[in-house]
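When you get a sec, could you build the whole thing from the sequences and use the hints?
Order-wise, the sequence lines are chains U and R. Just so you know, the first sequence maps onto residues 1 to 158 in our numbering. Just so you know, the second sequence maps onto residues 1 to 111 in our numbering.
Simulated from the structure, these hints should not be mistaken for laboratory data. Since this is a predicted model, take the numbers as computed values, not measurements. Ideal Cβ placement from N, Cα and C applies to all residues, glycine included. It is possible that some hints are incorrect.
Chain U is nowhere near these chain R residues, computed Cβ spacing over 10 Å in every case [as the list claims (entries may be wrong)]:
# : residue
1 : 9
2 : 80
3 : 92
Just some of the chain U residues that point at chain R, by a computed CB distance under 8 Å [claimed, not checked]:
#  : residue
4  : 13
5  : 19
6  : 29
7  : 35
8  : 78
9  : 108
10 : 110
11 : 111
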Amino acid sequence: MTAPDDFGPEHSRPTAADRRWEALAEEMQFNQLGIARRQAEGWRNGLAACATLLATATLVKGRPDFDRLTEGWKVVPVVLILLAFGCLAAAFLVAIRAAHGRPGSYVLADGSSLREWTGTEVARIGRLIPWAAWLSLAGLTLVLAAAVVTWTAPVVRP
Amino acid sequence: MTDRDPRHDPCAWADGTAEPGRPDAVLPRPDGGLVVRAHCPRCHGPTVKRIPRILPGDKGVDEAEQPGDTAKGAGSEQAWVLFFCECGRPHLGRPPAEGRYGCGTSWWVSR
Numbered sequence: 001m002t003a004p005d006d007f008g009p010e011h012s013r014p015t016a017a018d019r020r021w022e023a024l025a026e027e028m029q030f031n032q033l034g035i036a037r038r039q040a041e042g043w044r045n046g047l048a049a050c051a052t053l054l055a056t057a058t059l060v061k062g063r064p065d066f067d068r069l070t071e072g073w074k075v076v077p078v079v080l081i082l083l084a085f086g087c088l089a090a091a092f093l094v095a096i097r098a099a100h101g102r103p104g105s106y107v108l109a110d111g112s113s114l115r116e117w118t119g120t121e122v123a124r125i126g127r128l129i130p131w132a133a134w135l136s137l138a139g140l141t142l143v144l145a146a147a148v149v150t151w152t153a154p155v156v157r158p
Numbered sequence: 001m002t003d004r005d006p007r008h009d010p011c012a013w014a015d016g017t018a019e020p021g022r023p024d025a026v027l028p029r030p031d032g033g034l035v036v037r038a039h040c041p042r043c044h045g046p047t048v049k050r051i052p053r054i055l056p057g058d059k060g061v062d063e064a065e066q067p068g069d070t071a072k073g074a075g076s077e078q079a080w081v082l083f084f085c086e087c088g089r090p091h092l093g094r095p096p097a098e099g100r101y102g103c104g105t106s107w108w109v110s111r
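What follows is the structure, given as structure tokens:
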């Protein structure tokens, strides 16, 4: 927590904004159960969507039979799919973190702490959203690449 | 209701601010929060502020503000708490809708 303003506490009196932050922090004390429930709901919905998308990704496949690929190429689609799963799962977790916060940690219920936390959290969300977008794009690209490899890689002739 | 504290000034209620002050005491709470006690610079009545740890906002918390860090207080970095006078003593002119029982003064207290 920092001093209440840029001029130092010895020159500071509470402003209207300071009072408003304090009132907000005080009000939050009476909404803790609702806040915790909404955060839990957000994570539950996000994780359910994540599981659904990952299950859907397994349906996007190329040639149904990897056994026909030549020895060196058999491992390529598997690696690509595993990387895609990792990217998509990470993208979901980052997006859920940005949208619903990280459960299990707290802040002091006073206006200064809340104001500082809000500034930090807003900046963090701004950094997380591009990460989620790039990870999603990478994951989908890897899924597509895995499908393409299964169709275009050399196969063993009977 | 009578005012038996000789230090207390039963001044009229006024929505005002005062210069920053120091706490009488800062105690840790079992939940990692704080209890801060200070005297109002205007009416000199005591106010005790209980600051629990809460989930901030309706969506999320800050990993930089861990429970162990929140109660460090002035030891590492000067921290300030906004106080509203809640001396609980009578002050003429206090609006009926005013939720705080004090003289109406707010001020910063270091912790």
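| task | Run the structure past the numbered hints and jot down the numbers of the failing ones, going up. | result | 2, 8
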